[in-house]
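Q: Chain by chain, the residues:
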Amino acid sequence: MAKILVVDDAAFMRMMLKNILGKNGHQIVGEAQNGAEGVEKYRELRPDVVTMDIIMPEVNGIEAVKKIMSIDPEAKIVMVSALGQEAMVKEALEAGARDFIVKPFKESKVLEVIEKLC
Amino acid sequence: MESYRDVFISESMEHLNTLTQGLLELEKGNQQVITEIFRAAHTLKGMAATMGYEGMASITHEMENLLDAIREGRVEINSEIVDLLFEAVDLLEAALNSLTQGDEENIDATEISSKLSRYTGTGKKEKQPQRRDGAEEVHRAGAGVKRVDVELDRDCTLKSVRAFMTFRELKELGEIVKCIPDEDRLEDGDFDRSFSIFLKTGASDDEIKERILKKVSEVAGVEVHSVETAPQKSGGTKSEMKSVQTVRVSIERLDSLMNLVGELVISKSRLFQIKNKYAIDELNETLAYIDKLTTSLQEEVQEMRMVEVSYVFDRFPRMVRDLAKKEGKKVEFIVKGRDIELDRTVLDEIGDPLVHLLRNCIDHGIEPPEERLEKGKSEVGRVMLKARRVKDHVEIVVEDDGRGIDPEKIKRIAVERGLISEKEASGMSPEDARMLIFTPGFSSAEKVTDISGRGVGLDVVRNKILALGGTVELESEVDRGTRFVLKLPLTLAITKALLISAGGRIYAIPLNNVSEILNVKREDLTTVMGQEVIQLRGRILPVYDLITLLGKPATGNGSDARPVVVVEKGGNLIGIAVDELIGQQEIVIKGLEGKLRDVRGFAGSTIMGDGRVSLILDIASLEVG
Numbered sequence: 027m028a029k030i031l032v033v034d035d036a037a038f039m040r041m042m043l044k045n046i047l048g049k050n051g052h053q054i055v056g057e058a059q060n061g062a063e064g065v066e067k068y069r070e071l072r073p074d075v076v077t078m079d080i081i082m083p084e085v086n087g088i089e090a091v092k093k094i095m096s097i098d099p100e101a102k103i104v105m106v107s108a109l110g111q112e113a114m115v116k117e118a119l120e121a122g123a124r125d126f127i128v129k130p131f132k133e134s135k136v137l138e139v140i141e142k143l144c
Numbered sequence: 098m099e100s101y102r103d104v105f106i107s108e109s110m111e112h113l114n115t116l117t118q119g120l121l122e123l124e125k126g127n128q129q130v131i132t133e134i135f136r137a138a139h140t141l142k143g144m145a146a147t148m149g150y151e152g153m154a155s156i157t158h159e160m161e162n163l164l165d166a167i168r169e170g171r172v173e174i175n176s177e178i179v180d181l182l183f184e185a186v187d188l189l190e191a192a193l194n195s196l197t198q199g200d201e202e203n204i205d206a207t208e209i210s211s212k213l214s215r216y217t218g219t220g221k222k223e224k225q226p227q228r229r230d231g232a233e234e235v236h237r238a239g240a241g242v243k244r245v246d247v248e249l250d251r252d253c254t255l256k257s258v259r260a261f262m263t264f265r266e267l268k269e270l271g272e273i274v275k276c277i278p279d280e281d282r283l284e285d286g287d288f289d290r291s292f293s294i295f296l297k298t299g300a301s302d303d304e305i306k307e308r309i310l311k312k313v314s315e316v317a318g319v320e321v322h323s324v325e326t327a328p329q330k331s332g333g334t335k336s337e338m339k340s341v342q343t344v345r346v347s348i349e350r351l352d353s354l355m356n357l358v359g360e361l362v363i364s365k366s367r368l369f370q371i372k373n374k375y376a377i378d379e380l381n382e383t384l385a386y387i388d389k390l391t392t393s394l395q396e397e398v399q400e401m402r403m404v405e406v407s408y409v410f411d412r413f414p415r416m417v418r419d420l421a422k423k424e425g426k427k428v429e430f431i432v433k434g435r436d437i438e439l440d441r442t443v444l445d446e447i448g449d450p451l452v453h454l455l456r457n458c459i460d461h462g463i464e465p466p467e468e469r470l471e472k473g474k475s476e477v478g479r480v481m482l483k484a485r486r487v488k489d490h491v492e493i494v495v496e497d498d499g500r501g502i503d504p505e506k507i508k509r510i511a512v513e514r515g516l517i518s519e520k521e522a523s524g525m526s527p528e529d530a531r532m533l534i535f536t537p538g539f540s541s542a543e544k545v546t547d548i549s550g551r552g553v554g555l556d557v558v559r560n561k562i563l564a565l566g567g568t569v570e571l572e573s574e575v576d577r578g579t580r581f582v583l584k585l586p587l588t589l590a591i592t593k594a595l596l597i598s599a600g601g602r603i604y605a606i607p608l609n610n611v612s613e614i615l616n617v618k619r620e621d622l623t624t625v626m627g628q629e630v631i632q633l634r635g636r637i638l639p640v641y642d643l644i645t646l647l648g649k650p651a652t653g654n655g656s657d658a659r660p661v662v663v664v665e666k667g668g669n670l671i672g673i674a675v676d677e678l679i680g681q682q683e684i685v686i687k688g689l690e691g692k693l694r695d696v697r698g699f700a701g702s703t704i705m706g707d708g709r710v711s712l713i714l715d716i717a718s719l720e721v722g
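Each protein sequence line maps, in turn, to chains A and B.
The first sequence begins at 27 in our numbering and counts up by one.
The second sequence begins at 98 in our numbering and counts up by one.
Hints listed in this document are in silico derivations from the structure and should not be mistaken for laboratory results.
Don't take each hint at face value.
A few chain B residues that face chain A, going by a derived Cβ cut-off under 10 Å, partial list only [said to hold, decoys possible]:
(1) F105
(2) G143
(3) K306
(4) L310
Straight line, CA to CA, 25 Å or less: simulated PhoX-like cross-link-like pairs of lysine-lysine [what the hints assert, rightly or not]:
(5) A:K44 <-> B:K311
(6) B:K297 <-> A:K92
(7) B:K306 <-> A:K116
(8) A:K142 <-> B:K311
(9) B:K365 <-> B:K687
(10) A:K49 <-> B:K687
(11) A:K132 <-> B:K311
(12) B:K687 <-> A:K92
(13) A:K116 <-> B:K297
(14) A:K135 <-> B:K311
(15) A:K116 <-> B:K312
(16) A:K142 <-> B:K268
(17) A:K142 <-> B:K306
(18) A:K93 <-> B:K306
(19) B:K312 <-> A:K44
(20) A:K142 <-> B:K312
(21) B:K561 <-> A:K92
(22) A:K132 <-> B:K312
(23) B:K483 <-> B:K561
(24) B:K483 <-> A:K116
Fair warning: this is a prediction, and the values are worked out from it, not measured in the lab.
Don't be surprised by glycine CBs; every beta carbon is placed ideally from N, CA and C.
My request is simple: use the sequences and hints to build the entire structure.
A: Here you go:
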């Protein structure tokens, strides 16, 4: 079981992830609607894993990864990407993100990625 | 999936709104908004794809590409593109509406998608055949080189990134000598499911295999031909539970909550009556507390039901734009007071009347540019939609700086349509003449367009507003413009009413209709042309007996003085004589249903504290004279 922080500007996406992760025994310890809030929540909650949307208002996912990595170089961040964002995913990975999942996601993929990190 | 659907729909609606607002801004030349529009399209795409709504996903995907191209300056924005994007938004909205009905998407996305992609030129790239070789480089690298064959999952989507991650991991273990296909193609994702990397390394086969499988997701299999690794760390940290701040609740639940609170208010008044009847002092304190609690509860529920008018207002800029474009008119549309709140039910009801008024502004009010220039006005007409809170109601103003309403023209049309006689027309004040536009059967459109003048007149608008317990006022000046002022109650379900008795029954008159209450002595009543009237501050006020108005025989109440409730009806004051005033009370309105729905003169019924039912008078539809 991992303690997970979900960062996404779409409540819908947060709900999907929460549901998938929740019913498979993971604990959602927090949610954030943008990168800035995500960084704050990370500082506060110290989750095991963060799922991070890339395109978000104010501070985007890549910026947020950079900030979180500077707080905790061991942070485990999984990017949540859409098709066509290869370049951004690569940038996030270079900034320290551990893995990524692609929308629309399948339950098995999400779990595979999260469990790989734990 | 069903449970997600509601959230999906409501959140998608918000994004569509952002798109529409943004596109309107973009058309005005505001390039700043493009990031926001892009984001909205992007988020929608992800959501739609997750739900498996392929049509929506495909449209938003193409929109995203186009918006991205615009953002990066590869495509220049023009009105043709904006129209196309609007078309795409329309289709998305149609899909959402269909989903809201519990149906499928029911849209065909292919045409719009291909139209959108035409601008970005995202055609398919030619694939170059490539063979597995590269023996040369491998030879040059010498000994200790291993070939790592990686096969990705069948449904892996961002293949290039997976390849990139594999590269990253393998670089930790040694030096990459060569890969097949070449790096460029791997980066573009231009390969099937597998690729091979030649690695000069000291790591064992198992180390390599394990590293990839552990660090890179969506890998179906790894094979290493030839021979070793790095340990991994993993640690957990403590955290605390945090709760969510908002919850989405369907409007039906709020409705039923409101209903329950209504019942509670009724029971409360019953309790008060019992207390008074039996003079139970011990109940005083508890009842006072219950009174306070129900009031707070009621306010709280009402507060929850309040929705910003932007919910309705935000779809108008687009409509105004389209109408103006179609009519060849130039219109600047100003919206103010978007954050003013109204009860959801009231808000739902005013959408259509507002559409009608705005259409009138553009169709009849605003002149074509040439005509405006001739009149010495600015070429661009101005239409304003404004909401503001005034005491316990909300005022919505729709105004334009167009032609205005010419009373003479109105009179002429009314006479033509047989609504008034020649004689009536000549004696009519300009104000009264303008009010004729609210008469059923009046439609002043000289040419019938598909925009307005379809027989649905302003009388429908006015009736709707009156039915909501509101009023409509009209001000107009020829060539200066027209202004409609709608006054609306904040909420519908619970209202303050004046309870009166007449003919042995109790009736409720909504307090917002009541302008004052008089005690009229018999000798003050005079009869003018068969109508009883009184003098009120120098004005003549007709007085009607409520019982007679309701079509019952007058009870010939013998007292010297009777209470007269002065109410506003159709812009005029009239007096309604009743038997007795009972008092002011909060009542819960229950609508009349079925066969009773169309009974004129009554807005509904309410249950009194003692359990009796009393009817609520609807002054607007009460027939007098």
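Q: When you check the alpha-carbon spacing of K306 of chain B and K116 of chain A, does it fall within 25 Å?
A: Holds, at about 22 Å.
Q: Does the alpha-carbon distance linking K312 of chain B and K44 of chain A stay inside the 25 Å limit?
A: The hint holds at about 23 Å.
Q: Could you check if L310 of chain B really has its C-beta closer than 10 Å to a C-beta on chain A?
A: holds (9 Å)
Q: Given the proposed pairing of K483 of chain B with K561 of chain B, does the C-alpha separation stay at or below 25 Å?
A: Given pair K483 of chain B, K561 of chain B holds - Cα atoms ~19 Å apart, limit 25 Å.
Q: Verify the proposed pairing of K132 of chain A with K311 of chain B, using a straight-line Cα cut of 25 Å.
A: Holds, at roughly 19 Å.
Q: Below or equal to 25 Å on CA atoms is what counts here, so check K116 of chain A against K297 of chain B.
A: With Cα atoms ~24 Å apart, K116 of chain A and K297 of chain B stay inside 25 Å; holds.
Q: Is the hinted pair K49 of chain A and K687 of chain B satisfied, with a Cα-Cα distance of at most 25 Å?
A: Roughly 44 Å between the alpha carbons, so the hint for K49 of chain A and K687 of chain B is violated.
Q: So, as I understand it, the hint says K306 of chain B touches chain A; can you test that by seeing if any CB pair is closer than 10 Å?
A: violated (15 Å)
Q: Have a go at the G143 of chain B hint: is there a Cβ in chain A nearer than 10 Å to its own Cβ?
A: holds (4 Å)
Q: Compare the distance between the alpha carbons of K116 of chain A and K312 of chain B with 25 Å, and conclude whether the hinted pair is satisfied.
A: Holds, because 15 Å separates the two Cα atoms, which is no more than 25 Å.
Q: Taken at face value, is the distance from the CA of K92 of chain A to the CA of K561 of chain B at most 25 Å?
A: Status violated; Cα separation ~56 Å.
Q: Starting from K93 of chain A, check that the Cα of K306 of chain B is at most 25 Å away, please.
A: violated (32 Å)
Going through the hint list in order, the structure does not satisfy hints 3, 6, 10, 12, 18, 21 and 24.
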